[in-house]
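Undergrad: As you go down the protein sequences, you meet chains A and B in turn. So the first sequence is numbered by the working numbering: it starts at 1 and just counts up by one. So the second sequence is numbered by the working numbering: it starts at 1 and just counts up by one.
These are calculated hints, taken from the structure and not from any lab test. It should be emphasised that the depicted structure is a prediction, and the values quoted were computed from it without experimental measurement. The beta carbon of each residue, even a glycine, is placed where N, CA and C say it ideally should be. There could be a bad hint or two in this list.
To give an idea of the interface, some chain B residues facing chain A are shown, with a C-beta separation under 10 Å as derived from the structure [to be verified]:
| no. | residue |
| --- | --- |
| 1 | Ser-26 |
| 2 | Asp-27 |
| 3 | Trp-28 |
| 4 | Gly-30 |
| 5 | Asp-38 |
| 6 | Ser-52 |
| 7 | Arg-70 |
| 8 | Pro-72 |
| 9 | Arg-164 |
| 10 | Arg-182 |
| 11 | Val-214 |
| 12 | Asp-219 |
| 13 | Phe-236 |
One letter stands for each residue in the lines below.
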Amino acid sequence: MGIISRGFTGRRRTSPDLPPGQYLTEDFPVLSAGPTPRVPTDRWEFTITTETGQVYRWDWSAFRALPAQEVTVDLHCVTRWSKLGTSWEGVSLDTLFADVETAAEYALAHSYGGYTTNLPVEDLLDGKAWVAYTYDGEDLAPEHGGPARLLVPRLYLWKSAKWVRGITLSHDDEPGFWETAGYHNYGDPWREQRYWDG
Amino acid sequence: MSWRVGTVTTLRDETPTARTLVLQVSDWPGHAAGQHVDVRLTAADGYSATRSYSIASAADGERVEITVERLPDGEVSPYLTREAAVGDPLELLGPLGGWFVWRPGQPEPVQLVAGGSGLVPLMAMVRARERSGSGAPMRLLYSVRDPTAVLYRDELRRRAQQDRGLEVAYAYTRAAPEGWSRRPGRVDGLLLAEATWAPDRAPTCYVCGPTGFVEAVADLLLAAGHDPGRIRTERFGPTGGPR
């Protein structure tokens with residue numbers, strides 16, 4: 001327990017679904033490192049590139065023709081807000097990986113605008129991750145990562161790359177944008193893995 | 001990284017709703033301008049709440065300043081701006097953030113664009129520039145509701161006159177000082193063209209403020225021809241995105 005702050009009582013909006021050090025918000029704050037890319041869907045594509053260099057490619061219509069799922073998940077941002085019970089529609093990474101031949105352990109997601117983030121392949125599969133294109137029943141807004149973003153709710157939200165354009169698979173773990181700027185390599189909210197050496 | 005304990009040494013009201021807390025932090029490792037700290041408050045029964053605050057000061061030994069805007073529905077900011085007293089201990093983690101920073105070794109021109117209390121990390125850059133003797137030309141465009149809401153008013157006025165290579169421009173959104181030439185309103189392309197570096201000077205741009213402000217300014221900078229790779233943003237606020 002920390003040092004007592006004389007006279008502090010707090011607001012105490014808590015929930016068992018709130019990881020340590022987080023607070024609840026009803027809003028949907030936006031955090032990104034640069035300008036919001038505007039990606040028209042007629043120029044959008046998503047690729048998976050394996051460790052052997054094989055490329056699997058979807059344009060918007062091929063992507064939207066894939067079976068979709070509706071999911072309700074909790075979001076936890078490393079800046080300490082959490083938003084519970086958010087509704088999304090997207091394509092499971094299990095669907096996108098169905099025909100992909102790979103033995104790679106690591107994935108690097110990359111985005112329109114140049115953002116990258118790394119995560120283990122196993123955190124993308126078995127119903128743990130989606131490429132999402134609606135939020136709360138509406139097309140995903142550009143500031144929230146539209147037309148489509150990665151959604152990996154088990155990890156801090158910076159792993160859910162906005163404006164995602166592809167995933168590169170590798171036997172080597174390559175830290176992404178925030179992971180090389182002081183943030184944790186894995187980012188599990190329940191273990192409070194916020195910062196690289198913390 | 002572990003929690004440190006700072007001691008409040010000075011409190012300074014910047015506006016009716018914003019207060020600077022000067023902290024003495026033993027073994028502070030130093031920080032870069034633009035970084036932030038997490039501040040943790042703990043109640044007597046162990047309940048705790050943590051929020052992030054930008055560092056306002058340039059690196060200066062064990063002295064760290066944060067400026068906190070009181071949010072009407074806030075949990076931590078009302079305590080920091082009303083209850084915290086000189087001599088109180090405060091727990092903090094940091095410095096944090098390795099992207100929205102300016103370092104004195106950067107030779108290129110710098111464009112700062114602040115919305116409201118988004119000025120705080122940019123003020124650290126203004127202060128760090130002068131303190132380091134950097135020759136990088138720096139411009140600040142500060143969008144603020146009205147003259148009573150201006151943070152660091154006297155210091156900004158003094159620095160605009162004394163810091164060589166620093167230029168400060170204001171955009172008042174609701175009410176301007178008497179005799180001000182521009183009608184109150186949001187930052188637009190015209191003002192940006194007048195008050196900020198042209199894209200051909202290839203400045204690094206730092207934009208900080210509420211999400212709507214940052215989105216609008218970043219789009220204007222892109223439209224003016226700035227390289228998206230040179231625009232760094234920091235968004236904050238309790239009502240960041242669309243609800």
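Undergrad: Can you name, in rising order, the numbers of the hints this structure does not satisfy?
TA: When the structure is compared with the hints, numbers 1, 2, 3, 4, 7, 8, 9 and 10 turn out to be violated.
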